[in-house]
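So the chains spell out like this:
There are 2 protein chains.
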Amino acid sequence: MHFDFTDIREMPKIQRLNLINSITGIKPGNLIGTKSNDGQSNLAVISSIVHLGSNPALLGFILRPQIDVRRHTYENILSTGVYTINHIHEDFIAQAHYTSAKFPADVSEFKACGLTEEYHNACYAPFVKESPVQIGMKYLESMKIEANNTVMVVGQIEHIHIDEHALSKENYVNLETLKSVGIGGLNSYYRLSKIGEFPYARPHETPDFTNEKK
Amino acid sequence: MHFDFTDIREMPKIQRLNLINSITGIKPGNLIGTKSNDGQSNLAVISSIVHLGSNPALLGFILRPQIDVRRHTYENILSTGVYTINHIHEDFIAQAHYTSAKFPADVSEFKACGLTEEYHNACYAPFVKESPVQIGMKYLESMKIEANNTVMVVGQIEHIHIDEHALSKENYVNLETLKSVGIGGLNSYYRLSKIGEFPYARPHETPDFTNEKK
Chain H
710 MHFDFTDIRE
720 MPKIQRLNLI
730 NSITGIKPGN
740 LIGTKSNDGQ
750 SNLAVISSIV
760 HLGSNPALLG
770 FILRPQIDVR
780 RHTYENILST
790 GVYTINHIHE
800 DFIAQAHYTS
810 AKFPADVSEF
820 KACGLTEEYH
830 NACYAPFVKE
840 SPVQIGMKYL
850 ESMKIEANNT
860 VMVVGQIEHI
870 HIDEHALSKE
880 NYVNLETLKS
890 VGIGGLNSYY
900 RLSKIGEFPY
910 ARPHETPDFT
920 NEKK
Chain X
710 MHFDFTDIRE
720 MPKIQRLNLI
730 NSITGIKPGN
740 LIGTKSNDGQ
750 SNLAVISSIV
760 HLGSNPALLG
770 FILRPQIDVR
780 RHTYENILST
790 GVYTINHIHE
800 DFIAQAHYTS
810 AKFPADVSEF
820 KACGLTEEYH
830 NACYAPFVKE
840 SPVQIGMKYL
850 ESMKIEANNT
860 VMVVGQIEHI
870 HIDEHALSKE
880 NYVNLETLKS
890 VGIGGLNSYY
900 RLSKIGEFPY
910 ARPHETPDFT
920 NEKK
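The listed protein sequences correspond, in order, to chains H and X. Position 4 of the first sequence, counted from 1, bears residue number 713 in the working numbering, the numbering being contiguous throughout. Position 1 of the second sequence, counted from 1, bears residue number 710 in the working numbering, the numbering being contiguous throughout.
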C-alpha cells in the first residue's frame with residue numbers, strides 16, 4: 710500500500726494523526742512528573758523521549774506548547790527547572806494512558822489516575838512510585854523547530870533509580886525484566902521480549918551475510 | 710539502585726554508554742538509506758527517529774556529525790536532499806545491527822549486510838526491499854543542540870509504503886503484525902506484542918482509578 714505527500718495531506722485528520730504518529734515504529738512509554746511553584750503536581754504520558762548524548766547525559770522530548778495537553782508540564786519545567794521521567798510498567802498502562810486527558814490545572818493526574826507521588830534526592834518534582842525506572846532531570850534549554858513550531862526540551866540526567874536485577878554488569882538495561890512498555894501511535898501499548906543481543910559491530914568481525922541472500 | 714550525577718560522570722565510559730543509551734526505554738528500530746551523488750549507496754541503523762508533527766508530516770533523528778559512524782549518511786542527505794527510513798523486521802536484526810560497523814566509504818552496507826536496494830517513486834535514495842514499512846523523506850533542516858554539539862536532522866515524509874494488513878481502517882499501524890522491532894541501548898533487539906489499546910482520553914470518560922490504589 711502506498712501513500713504519497715498529497716494522499717497524506719488530504720487524508721481525514723484523525724486517520725492522518727493515527728498513521729503519522731505510528732509510522733516510525735515503537736516509542737518509549739514514559740510519564741513526566743512535574744510540580745508547579747504553588748505545589749500542584751502534574752503527570753503526563755510522553756512517547757517522544759530521545760537520547761541526545763551520554764557525557765553529559767542528555768535527553769530531549771518534543772512538544773507543541775501552544776496546543777499540547779502537556780502545556781502544564783512545560784510551564785512547570787520552565788518555572789521550577791526540574792522534572793522526572795518514569796518508565797510505564799505493563800501493570801499500569803491504563804492509568805498512564807489517561808494522564809493524557811485534559812484535566813483542569815488544579816487536578817493532579819497522579820490522583821485522578823491512581824498513581825503515587827514519590828520524592829527522592831531533594832528533587833522538587835515528583836517521581837512515580839510504581840515505575841521500575843525513575844530519572845531525575847534538570848532543564849537545560851528549549852529549541853524551536855522552525856518547520857512546525859514544535860519545541861524540543863533538552864535536559865540533563867541528575868539521578869537514576871533502577872531495579873538492579875535489570876542491570877547487567879556492563880550496565881545494559883533489560884527492558885523485558887523491567888516490564889517497561891512501548892507505545893505505538895497515540896493509543897497502543899506493547900510488551901517487549903528480547904530476541905537478540907549483538908557485540909559492538911566491527912567490519913572485520915561482520916558475519917558473511919552475502920551468501921544468505923535469496 | 711541509585712546513580713547520581715557524579716556516579717554517572719565518573720562511570721567507566723562503556724558502562725556509561727550502555728546505561729544512558731538504554732535508560733529511556735525502548736527505541737524504534739530503523740535503517741536509513743541514502744546514496745551519494747556519485748552513486749554509492751549507504752545504509753545505517755538508527756534508533757533515534759522521533760515524530761515531530763503530522764501536518765505537515767515531519768520526523769527528526771539525532772546524530773553527532775563529527776564522530777558518528779553515520780557521517781556518510783549525513784553527507785549524502787545534505788548533498789542529495791533525500792533519504793529513506795525503513796523498519797527493521799525481526800528476520801533481519803543481525804544484518805541491521807552490522808550496518809553500524811565502520812565500513813570504508815566505498816563499501817555499501819546493503820551488500821556487506823545482505824540487504825537489498827529497492828527504488829520507488831523516482832526517489833534517488835534506496836529503500837530496503839526486506840522492510841515492512843518504507844518511508845521516503847525530503848530533508849528540511851538541521852538543528853544544532855548547543856549542549857553537546859549534536860544535530861537533529863528534520864525531514865518531511867513524501868512517501869509511505871506499508872503492508873496493508875497492518876493498517877486498521879482508522880489507519881492505526883499494528884507493529885506486532887508487521888514484526889517490526891524495538892532497540893534497547895546499543896545492542897539489544899526486542900519483539901513487540903500488543904497488550905492494550907485505549908480510546909482518546911477525556912476527563913469525564915476516565916475510569917475510576919482512585920479505588921484501585923493499594
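Think of the hints as simulated: they come from the structure by calculation, not from any bench. Bear in mind that the values here come from a model prediction, so they are computed numbers and not experimental data. There's no promise every hint is true.
Said to hold, decoys possible - Quick list of simulated restraints, FRET-style, between CB atoms:
1. E784(X) - N746(H): 44 to 52 Å
2. S788(H) - L787(X): 37 to 45 Å
3. T919(X) - F918(H): 49 to 57 Å
4. K903(X) - K722(H): 19 to 27 Å
5. E784(X) - I723(H): 51 to 59 Å
6. S902(H) - N764(X): 32 to 40 Å
7. E784(X) - D716(H): 25 to 33 Å
8. D917(X) - K903(H): 33 to 41 Å
9. K820(X) - S788(H): 50 to 58 Å
10. N746(X) - D800(H): 50 to 58 Å
11. N746(H) - K847(X): 38 to 46 Å
12. P912(X) - Q724(H): 34 to 42 Å
13. M710(X) - E906(H): 36 to 44 Å
Stated by the list, open to error - Straight-line Cα separation of at most 27 Å, BS3-like style, residue types lysine-lysine; simulated pairs:
14. K903(H) - K878(H)
15. K722(X) - K722(H)
16. K903(H) - K838(X)
17. K853(X) - K888(H)
18. K878(H) - K722(X)
19. K888(X) - K903(H)
20. K903(H) - K903(X)
21. K853(H) - K820(H)
22. K722(H) - K853(X)
23. K722(H) - K878(X)
24. K888(X) - K888(H)
25. K878(X) - K847(H)
26. K838(H) - K820(H)
27. K847(H) - K722(X)
Each residue gets a CB set at the ideal place from its N, CA and C atoms; glycine is no exception.
Hints, one by one, checked against the model:
| no. | hint | verdict |
| --- | --- | --- |
| 1 | E784(X) - N746(H): 44 to 52 Å | 47 Å, holds |
| 2 | S788(H) - L787(X): 37 to 45 Å | 38 Å, holds |
| 3 | T919(X) - F918(H): 49 to 57 Å | 54 Å, holds |
| 4 | K903(X) - K722(H): 19 to 27 Å | 24 Å, holds |
| 5 | E784(X) - I723(H): 51 to 59 Å | 39 Å, violated |
| 6 | S902(H) - N764(X): 32 to 40 Å | 34 Å, holds |
| 7 | E784(X) - D716(H): 25 to 33 Å | 31 Å, holds |
| 8 | D917(X) - K903(H): 33 to 41 Å | 35 Å, holds |
| 9 | K820(X) - S788(H): 50 to 58 Å | 54 Å, holds |
| 10 | N746(X) - D800(H): 50 to 58 Å | 52 Å, holds |
| 11 | N746(H) - K847(X): 38 to 46 Å | 43 Å, holds |
| 12 | P912(X) - Q724(H): 34 to 42 Å | 25 Å, violated |
| 13 | M710(X) - E906(H): 36 to 44 Å | 21 Å, violated |
| 14 | K903(H) - K878(H) | 18 Å, holds |
| 15 | K722(X) - K722(H) | 46 Å, violated |
| 16 | K903(H) - K838(X) | 25 Å, holds |
| 17 | K853(X) - K888(H) | 34 Å, violated |
| 18 | K878(H) - K722(X) | 13 Å, holds |
| 19 | K888(X) - K903(H) | 13 Å, holds |
| 20 | K903(H) - K903(X) | 15 Å, holds |
| 21 | K853(H) - K820(H) | 32 Å, violated |
| 22 | K722(H) - K853(X) | 31 Å, violated |
| 23 | K722(H) - K878(X) | 13 Å, holds |
| 24 | K888(X) - K888(H) | 19 Å, holds |
| 25 | K878(X) - K847(H) | 42 Å, violated |
| 26 | K838(H) - K820(H) | 13 Å, holds |
| 27 | K847(H) - K722(X) | 22 Å, holds |
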